[in-house]
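Number of protein chains: 2
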Amino acid sequence: MKPIKVGLLGFGTVGGGTYQVLTRNQEEISRRAGRRIEVAAVCRRDLAAARTQVGEGVRVVADPMDIVRDPEIDIVVELIGGEGVARDVVMAAIAGGKHVVTANKALLAVHGNEVFAAAQARGVMVAFEAAVAGGIPIIKALRESLAGNRIEWVAGIINGTTNFILSEMRAKGLDFEGVLKEAQRLGYAEADPSFDVGGVDAAHKLTLLSAIAFGIPVQFERAHVEGIVGLSSVDIKYAEQLGYRIKLLGITRRRDELGGIELRVHPTLIPSQRLIANVEGAMNAVMVQGDAVGTTLYYGKGAGAEPTASSVVADIVDVTRLATADPDHRVPHLAFQPDRMDATPILPMAGVRTAYYLRLRVADETGVLSRITTILAENDISIDAVLQRESREGERQTDLIILTHVTVEERMDRAQEFMQSLPSVLAPIVRIRKEELA
Amino acid sequence: MKPIKVGLLGFGTVGGGTYQVLTRNQEEISRRAGRRIEVAAVCRRDLAAARTQVGEGVRVVADPMDIVRDPEIDIVVELIGGEGVARDVVMAAIAGGKHVVTANKALLAVHGNEVFAAAQARGVMVAFEAAVAGGIPIIKALRESLAGNRIEWVAGIINGTTNFILSEMRAKGLDFEGVLKEAQRLGYAEADPSFDVGGVDAAHKLTLLSAIAFGIPVQFERAHVEGIVGLSSVDIKYAEQLGYRIKLLGITRRRDELGGIELRVHPTLIPSQRLIANVEGAMNAVMVQGDAVGTTLYYGKGAGAEPTASSVVADIVDVTRLATADPDHRVPHLAFQPDRMDATPILPMAGVRTAYYLRLRVADETGVLSRITTILAENDISIDAVLQRESREGERQTDLIILTHVTVEERMDRAQEFMQSLPSVLAPIVRIRKEELA
Numbered sequence: 001m002k003p004i005k006v007g008l009l010g011f012g013t014v015g016g017g018t019y020q021v022l023t024r025n026q027e028e029i030s031r032r033a034g035r036r037i038e039v040a041a042v043c044r045r046d047l048a049a050a051r052t053q054v055g056e057g058v059r060v061v062a063d064p065m066d067i068v069r070d071p072e073i074d075i076v077v078e079l080i081g082g083e084g085v086a087r088d089v090v091m092a093a094i095a096g097g098k099h100v101v102t103a104n105k106a107l108l109a110v111h112g113n114e115v116f117a118a119a120q121a122r123g124v125m126v127a128f129e130a131a132v133a134g135g136i137p138i139i140k141a142l143r144e145s146l147a148g149n150r151i152e153w154v155a156g157i158i159n160g161t162t163n164f165i166l167s168e169m170r171a172k173g174l175d176f177e178g179v180l181k182e183a184q185r186l187g188y189a190e191a192d193p194s195f196d197v198g199g200v201d202a203a204h205k206l207t208l209l210s211a212i213a214f215g216i217p218v219q220f221e222r223a224h225v226e227g228i229v230g231l232s233s234v235d236i237k238y239a240e241q242l243g244y245r246i247k248l249l250g251i252t253r254r255r256d257e258l259g260g261i262e263l264r265v266h267p268t269l270i271p272s273q274r275l276i277a278n279v280e281g282a283m284n285a286v287m288v289q290g291d292a293v294g295t296t297l298y299y300g301k302g303a304g305a306e307p308t309a310s311s312v313v314a315d316i317v318d319v320t321r322l323a324t325a326d327p328d329h330r331v332p333h334l335a336f337q338p339d340r341m342d343a344t345p346i347l348p349m350a351g352v353r354t355a356y357y358l359r360l361r362v363a364d365e366t367g368v369l370s371r372i373t374t375i376l377a378e379n380d381i382s383i384d385a386v387l388q389r390e391s392r393e394g395e396r397q398t399d400l401i402i403l404t405h406v407t408v409e410e411r412m413d414r415a416q417e418f419m420q421s422l423p424s425v426l427a428p429i430v431r432i433r434k435e436e437l438a
Numbered sequence: 001m002k003p004i005k006v007g008l009l010g011f012g013t014v015g016g017g018t019y020q021v022l023t024r025n026q027e028e029i030s031r032r033a034g035r036r037i038e039v040a041a042v043c044r045r046d047l048a049a050a051r052t053q054v055g056e057g058v059r060v061v062a063d064p065m066d067i068v069r070d071p072e073i074d075i076v077v078e079l080i081g082g083e084g085v086a087r088d089v090v091m092a093a094i095a096g097g098k099h100v101v102t103a104n105k106a107l108l109a110v111h112g113n114e115v116f117a118a119a120q121a122r123g124v125m126v127a128f129e130a131a132v133a134g135g136i137p138i139i140k141a142l143r144e145s146l147a148g149n150r151i152e153w154v155a156g157i158i159n160g161t162t163n164f165i166l167s168e169m170r171a172k173g174l175d176f177e178g179v180l181k182e183a184q185r186l187g188y189a190e191a192d193p194s195f196d197v198g199g200v201d202a203a204h205k206l207t208l209l210s211a212i213a214f215g216i217p218v219q220f221e222r223a224h225v226e227g228i229v230g231l232s233s234v235d236i237k238y239a240e241q242l243g244y245r246i247k248l249l250g251i252t253r254r255r256d257e258l259g260g261i262e263l264r265v266h267p268t269l270i271p272s273q274r275l276i277a278n279v280e281g282a283m284n285a286v287m288v289q290g291d292a293v294g295t296t297l298y299y300g301k302g303a304g305a306e307p308t309a310s311s312v313v314a315d316i317v318d319v320t321r322l323a324t325a326d327p328d329h330r331v332p333h334l335a336f337q338p339d340r341m342d343a344t345p346i347l348p349m350a351g352v353r354t355a356y357y358l359r360l361r362v363a364d365e366t367g368v369l370s371r372i373t374t375i376l377a378e379n380d381i382s383i384d385a386v387l388q389r390e391s392r393e394g395e396r397q398t399d400l401i402i403l404t405h406v407t408v409e410e411r412m413d414r415a416q417e418f419m420q421s422l423p424s425v426l427a428p429i430v431r432i433r434k435e436e437l438a
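Chains as they are written, first to last, in the UniProt record's numbering: chain A, 1 to 438; chain G, 1 to 438.
Isolated chain A, as found in the complex (with noise of 0.2 angstroms):
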């Protein structure tokens, strides 16, 4: 049988990954693929510095367009980036009936239903393990492995910058901003944060995850998105003497009592004892509820040459094993497409069920705690647990923490701002939401 070609479209830190892979450990790939695997072409501005990188039979190139075009080139491989020339590219590729691996979750966030919709009209299939959570297979997890399983669930690490923070933050009781300027040095953080930190990285990916979990259209549109900066280390200390640790959490949960579901990124305090909060550094990890397997959990590298590079082979190697088996895409819907295109609606915040920490810096007088838990009260929202911080020799204000039991976000806007209304409430409240995961 004569071997799959593979084009590689950008030729970075993940592209450079993925030719290494592929390249030492070719006998083994090909092996598992039931097919050869050849690199047949690469794509870079820089074409000298490509062709040092690859080997004789290598095609180097600097228009991506080149690739896609070559009627030789089986599986395009999108490691470009963004949703410019990336998405020109993809939806060339899949026009030209070639398979696509991408690793490109803004463009599959913003533009999945539009790409998945091409692939499955051209009979051809669009793979992205790479694009979350790196080298952890939470895609296939999903797609293949919990087949069986009616979904409630996801929540997940997914964003290495960001933890990284929160951990170094937690260990040595720096604020976000130290915190920021040494993950900067380290290589942890771009020098421009803002989309890692910001949430807005974590929400492309758990607009994947939640498309594939429920089988729905992508919605990044609707996708709650907070991220971390500001975050205090004083509420990490806090969060940790009431058995919690803070994570930036992407949650998607089917909520079939309103016919829609949750998708948001936000701060996260999860009991310590659960295995995601003990997730320290640059990993990430993933935590799928099904109503057969209970909870499951993924973890290892979320970004990196090779771990990307590890999702990138294996999509390669399912695409060659699908491709060969099904030249005349005989099984529709083969791999790689949503399950139905009518849109599940996602639900405004205001309807997202969780429970909440609160800090609240209030005067040291009598009667505060009562007026704030009869407020809590009138709102329908009972109190788990209360820390009083004991106010030091001459100060007149202190701080209260409250975490509350489940309820729904609109009572706690209401609630807040009945709160932050009282003379004795002193300074803005900081709220954070809470997950028991189990």
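Since the hints were made in silico from the structure, they are not lab data. Accuracy of the hints is not assured; some may be wrong.
Said to hold, decoys possible - Short derived list, chain G residues pointing at chain A, Cβ under 8 angstroms: (1) Gly135; (2) Ala325; (3) Gly367; (4) Glu417; (5) Phe418.
Remember, it's a predicted structure, so these values are computed and weren't measured experimentally. For glycine and all other residues, C-beta sits at the position ideal for the given N, C-alpha and C.
Following the hints, put chain G in place on chain A, whose structure we already have.
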């Protein structure tokens, strides 16, 4: 396209769970498989009982061969267990050209080579995700998701009974015997627990993981098997003081310098901060180290009706998709076949590289520590940490705890023999292996 017809052999806990899941989630499962999946027949000796469990359209038989010989059946799901009837049924199904899905680790660990060879010759699939770690999709992760990697090692908590017992021993400071009784009362341990607590069940599963990770034939008879019988809570306590937990691990590691593979099940000290050290109760977890992806971990329920059914159904969906895509078997080894049948040797324990925890009951007199450390040094074993318990008032003996760095087991065997022969060493030395898993 006509539906895929499934026959369930064995209708106990997992069989019943599989039927439940296939029925409850039939619509979603069929959509994901790209084809309707129907349970056409079930086999249970008690026909009347089976009749009450299944719907009108399902045939109920008492003889498994009635299903195996039924030309209507496409996939035989073997959930009988054991190596007797189950083996006959599986071999007959393969001979009849039917695909097989099984949860039977004992059968495959012992007779897997015969089963896989027969399946390969006949062009059918044998899928066994449910045979290892219940609901955790570790077989697919190794075979497909990590297909780009050269696997370095796999280490797992793959027996829930022993992990439950060890968790309870640590939490309550109790010894093995007491906790075993509690586990039996709660249904976490069988009336005859020897298969679990002796490590055989874990070794069956590890044998399968090893075969898939390294593409070698199953070689259960070469596995080193140690269980947790007789493990003392005192060692769990000392380990904890030194920053370790004790888990029953199955470990398989590539040792290229010797052209062999380690395959061993035994109690193991693991650093407390490792995620896998914090896997408690009856939960399972498997770590995989790949050259590209680095460390990954997979966590979930290792047993139970529906978690196991989750994996059985995933296999049924996979077989359905692949059988539909490739009815002419144009892709050799489409799935679930070892890469090659040449026997990479399993290394004898004497050649295994690991570190150790040693507990010596010694006379509380001058020079003991010096004599012991001299023996270790003479055998090229370097010491990582020493913990000497203060002897109590009037006591003339004390516990000496030593952690070593990594060495070769035959060196430790020799050193232990010398240490044991010292007059100051008053009781049999307790030796537990220690792995950093990093």
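A quick look at each hint next to the structure:
Look at Gly135 (chain G): its Cβ gets to within about 4 angstroms of chain A, closer than 8 angstroms, so that hint holds up. Checking Ala325 (chain G) against chain A: minimum C-beta separation of about 4 angstroms stays under 8 angstroms; hint holds. With a cut of 8 angstroms, the hint placing Gly367 (chain G) at the interface with chain A is violated, because the nearest CB-to-CB distance is about 42 angstroms. For the restraint placing Glu417 (chain G) at the interface with chain A, the shortest Cβ-Cβ distance is roughly 40 angstroms, beyond the 8 angstroms limit, so the hint is violated.
Interface restraint check for Phe418 (chain G): the shortest CB-CB distance to chain A comes to about 41 angstroms, outside 8 angstroms, so the restraint is violated.
When held up to the earlier numbered hints, the structure conflicts with 3, 4, 5 and fits the remainder.
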